[in-house]
Amino acid sequence: MAGSLVYELENVSYSYQHSKPALEEIDLKIALAERVMLLGPNGCGKSTLQKILAGLIFADSGKVTAFDRKITSKAMSDKRFATALRQKIGFVFQNSDVQLFCTSVLDEIMFGPLTMGLSFSEAKKRAEDLIDYTGIGYLANCSPHHLSGGEKKKVAIAAVVATNPEVLIFDEPTNGLDPKSQRWMIDTINELNKQGKTIILATHYLEFVPELADRIIVLGENHRIIANDLPERILKNRNILLDANLIDPSYNK
Amino acid sequence: MQQMTQEKFPQWLQVKNELLLPEYKRTWLSNDYLEKMLNKINNALATDSDSFNTVCNRAILQQVEPHTKFIGLLVLILSAALTKNMLYLVGLNLVTFGFALQSGIRCSIFFLRVWLPTIMFVGITVLPGIINWVTPGEAMCIVYSGINCNIGSTISLPTDLTITRQGVQAAFFVIFRSAASLGLVTLLIKTTRWSILTKILVKFGLPATIVAVLDLTYRYIFLFMILLLEYLMGRKSRLVGAESQSAKIAWIGETIASFFRLAREYSQEIDQAMQSRGYNGEYYPVSNIKLRLIDTCFGLVVILLCYYAAGGNNGWIFSI
Chain A
0 MAGSLVYELE
10 NVSYSYQHSK
20 PALEEIDLKI
30 ALAERVMLLG
40 PNGCGKSTLQ
50 KILAGLIFAD
60 SGKVTAFDRK
70 ITSKAMSDKR
80 FATALRQKIG
90 FVFQNSDVQL
100 FCTSVLDEIM
110 FGPLTMGLSF
120 SEAKKRAEDL
130 IDYTGIGYLA
140 NCSPHHLSGG
150 EKKKVAIAAV
160 VATNPEVLIF
170 DEPTNGLDPK
180 SQRWMIDTIN
190 ELNKQGKTII
200 LATHYLEFVP
210 ELADRIIVLG
220 ENHRIIANDL
230 PERILKNRNI
240 LLDANLIDPS
250 YNK
Chain B
0 MQQMTQEKFP
10 QWLQVKNELL
20 LPEYKRTWLS
30 NDYLEKMLNK
40 INNALATDSD
50 SFNTVCNRAI
60 LQQVEPHTKF
70 IGLLVLILSA
80 ALTKNMLYLV
90 GLNLVTFGFA
100 LQSGIRCSIF
110 FLRVWLPTIM
120 FVGITVLPGI
130 INWVTPGEAM
140 CIVYSGINCN
150 IGSTISLPTD
160 LTITRQGVQA
170 AFFVIFRSAA
180 SLGLVTLLIK
190 TTRWSILTKI
200 LVKFGLPATI
210 VAVLDLTYRY
220 IFLFMILLLE
230 YLMGRKSRLV
240 GAESQSAKIA
250 WIGETIASFF
260 RLAREYSQEI
270 DQAMQSRGYN
280 GEYYPVSNIK
290 LRLIDTCFGL
300 VVILLCYYAA
310 GGNNGWIFSI
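As they're listed, the protein sequences go chains A and B. Number 175 in numbering that gives the first Met the number 0 belongs to position 176 of the first sequence; there are no gaps in the numbering. Number 113 in numbering that gives the first Met the number 0 belongs to position 114 of the second sequence; there are no gaps in the numbering.
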């Protein structure tokens with residue numbers, strides 16, 4: 000479902016506390032409605048790359064372009080620009096707790112639409128649609144911190160999707176979910192992609208690759224892209240999978 | 000879990016978000032509260048990372064055995080407090096600064112930790128002590144003389160206001176003593192791992208429970224900082240429009256409440272984890288003392304400095 004470019008990254012590097020490298024010389028292009036999966040071992044920089052794509056942190060060097068606009072800290076200090084970008088990009092964090100901050104599930108889902116200036120009735124309609132769609136009607140008035148991990152994830156997705164973003168970034172979406180919730184998650188992501196949403200997700204579980212990715216980007220322990228190819232090619236390349244700690248050499252002989 | 004179907008997919012979600020990103024305009028407005036908090040946490044994490052790098056340096060003080068270093072620096076702090084030799088105090092400050100540079104502590108950090116608080120707090124506190132009303136003595140500078148200054152009918156100020164040599168001398172003593180003590184403490188903290196430092200404190204009589212609390216605080220404060228960083232990012236990622244003042248305040252309140260709840264949950268789990276590993280209220284810090292040549296040399300330097308401190312202008316430090 001590839002189309003025009005959404006993202007273009009040129010020679011992007013980032014380090015934490017100016018001393019711990021997280022990303023080194025990343026070159027990357029992502030097309031509209033593409034499903035891109037970031038694979039790699041713990042600490043390789045998947046989440047950091049996603050945060051750069053979401054405009055939450057900024058590259059130390061290199062160029063990040065999204066929707067034909069350069070994303071820099073200066074650009075993001077312009078509130079008009081920042082809010083427009085946030086409407087285009089939704090980020091679902093690995094830890095749902097960090098992005099659920101309202102007192103009820105309904106408020107949580109309505110927060111985005113209300114903040115972007117929709118009327119109360121429109122926002123409520125969106126929230127009700129999403130509650131219905133995700134099947135969490137029985138939770139509408141619950142406080143998010145009373146929910147289970149899977150329920151929190153559903154609320155987090157509904158809250159992010161409520162603003163109808165073009166790009167959806169998922170950080171380890173299936174982490175900590177039971178198999179049934181994982182299946183729900185995979186179906187939801189694919190359904191959103193069918194509606195034209197660009198999907199960028201990070202994981203280190205290979206079993207979801209065939210179902211969730213049009214293209215795979217593998218980050219190595221050296222914080223660089225070590226492969227950028229079609230899923231079937233990556234999955235067949237044992238050396239890349241070993242390099243990225245994605246398979247256990249003694250187990251996957 | 001409900002299997003979703005395309006029929007149930009909301010109509011508005013199928014509409015393409017055609018919003019175009021505007022050209023950004025340069026703004027001179029300061030960062031908002033989220034950015035400020037993010038910057039502060041990042042700075043705190045960077046400071047910790049910097050401290051860790053300093054501790055890992057292979058400089059002299061980092062190589063001295065921690066117990067020896069603790070005792071040596073403590074003795075030097077005592078010598079600074081007791082000496083009446085100004086030259087010794089100046090020299091000790093220079094030696095401290097030299098060791099700081101040799102240990103990889105940046106000048107700016109040393110200034111912020113040592114000289115800024117010394118000037119800000121001690122300097123201002125001792126300022127009244129330099130005038131003849133507080134410390135009588137030989138006048139160095141006359142502010143006014145022979146003026147009868149009465150406040151109302153009952154209070155009259157002395158006819159002379161001078162800055163005395165004895166007052167300035169005393170002020171300099173206090174300032175240099177404070178700076179030397181702060182400098183030595185900074186050296187100790189910046190060149191010793193926190194985990195080792197707390198173990199030494201136990202050996203020198205600090206209750207183990209306090210040290211356990213300090214150790215756990217140090218461990219978990221960073222966990223909470225990183226979690227707060229994620230919270231701020233989570234908030235930032237969902238701000239798709241202007242935020243009212245009340246919404247900001249409400250979010251801060253919510254976040255504080257969430258952190259209290261998290262802290263409670265964590266403390267219960269940590270307590271259970273400690274108990275499952277046999278914790279019974281006693282804390283056993285482990286440390287191993289091995290003295291080497293560098294420790295003997297360090298001890299000799301400390302003894303030499305103390306010997307010099309003892310033989311000051313006014314004789315022995317205790318001036319009995």
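Read the hints as simulated data drawn from the structure, not as lab findings. Glycine is no exception: its CB is placed at the ideal position from the N, C-alpha and C atoms. Hints are supplied without guarantee of correctness; some may be wrong.
Stated by the list, open to error - Listed next, the in silico SDA-like pairs over lysine to any residue satisfying Cα-Cα at most 25 angstroms (straight line):
no.	chain 1	residue 1	chain 2	residue 2
1	A	K19	B	P21
2	A	K28	B	K247
3	B	K247	B	M232
To be verified - Restraint ranges, calculated between C-beta atoms of paired labels, are given here:
no.	chain 1	residue 1	chain 2	residue 2	range
4	B	Y219	A	I185	33 to 43 angstroms
5	B	I108	A	I185	43 to 53 angstroms
6	A	E121	B	F51	44 to 54 angstroms
7	B	G252	A	D228	47 to 57 angstroms
8	A	F57	B	Y219	23 to 33 angstroms
9	B	L73	A	K19	29 to 39 angstroms
10	B	L73	A	S60	41 to 51 angstroms
11	B	I108	A	S60	33 to 43 angstroms
12	A	S14	B	T216	50 to 60 angstroms
13	A	Q194	B	F110	38 to 48 angstroms
14	A	F57	B	G252	22 to 32 angstroms
15	A	N174	B	V173	54 to 64 angstroms
16	A	F119	B	T208	46 to 56 angstroms
17	A	E24	B	L73	43 to 53 angstroms
To see whether the hints hold, each was checked on the structure:
For the proposed pair A:K19 and B:P21, the alpha carbon gap of about 34 angstroms is over 25 angstroms, so the pair is violated. The hinted pair formed by A:K28 and B:K247 fails the criterion: a straight-line CA distance of about 36 angstroms is larger than 25 angstroms. Of the supplied pair hints, the one linking B:K247 and B:M232 holds, its CA atoms being roughly 14 angstroms apart against a limit of 25 angstroms. Between B:Y219 and A:I185 the Cβ separation comes to about 35 angstroms, which falls inside the hinted range of 33 to 43 angstroms.
About 50 angstroms separates the C-beta atoms of B:I108 and A:I185, a value consistent with the hinted range of 43 to 53 angstroms. Checked against the hint of 44 to 54 angstroms, the pair A:E121 and B:F51 passes, with Cβ atoms roughly 51 angstroms apart. Judged by the Cβ atoms, the range 47 to 57 angstroms given for B:G252 and A:D228 holds: they are separated by roughly 48 angstroms. Judged by the Cβ atoms, the range 23 to 33 angstroms given for A:F57 and B:Y219 holds: they are separated by roughly 29 angstroms.
Judged by the Cβ atoms, the range 29 to 39 angstroms given for B:L73 and A:K19 holds: they are separated by roughly 34 angstroms. One distance hint, 41 to 51 angstroms for the beta-carbon pair B:L73 and A:S60, holds here, with the actual separation near 46 angstroms. At roughly 26 angstroms, the beta carbons of B:I108 and A:S60 sit outside the given window of 33 to 43 angstroms. Restraint check, A:S14 to B:T216: a C-beta distance of roughly 28 angstroms breaks the suggested window 50 to 60 angstroms.
Separated by about 58 angstroms at the C-beta atoms, A:Q194 and B:F110 break the suggested range of 38 to 48 angstroms. Evaluation of the 22 to 32 angstroms hint for A:F57 and B:G252 yields a pass: the beta carbon distance comes to about 29 angstroms. At about 58 angstroms, the CB distance of A:N174 to B:V173 agrees with the hint of 54 to 64 angstroms. Between A:F119 and B:T208 the CB atoms are about 54 angstroms apart, so this pair conforms to the stated range of 46 to 56 angstroms.
Distance hint for A:E24 and B:L73: a CB-CB separation of about 49 angstroms, consistent with the stated range 43 to 53 angstroms.
Checked against the numbered hints above, the structure violates hints 1, 2, 11, 12 and 13; every other hint is satisfied.
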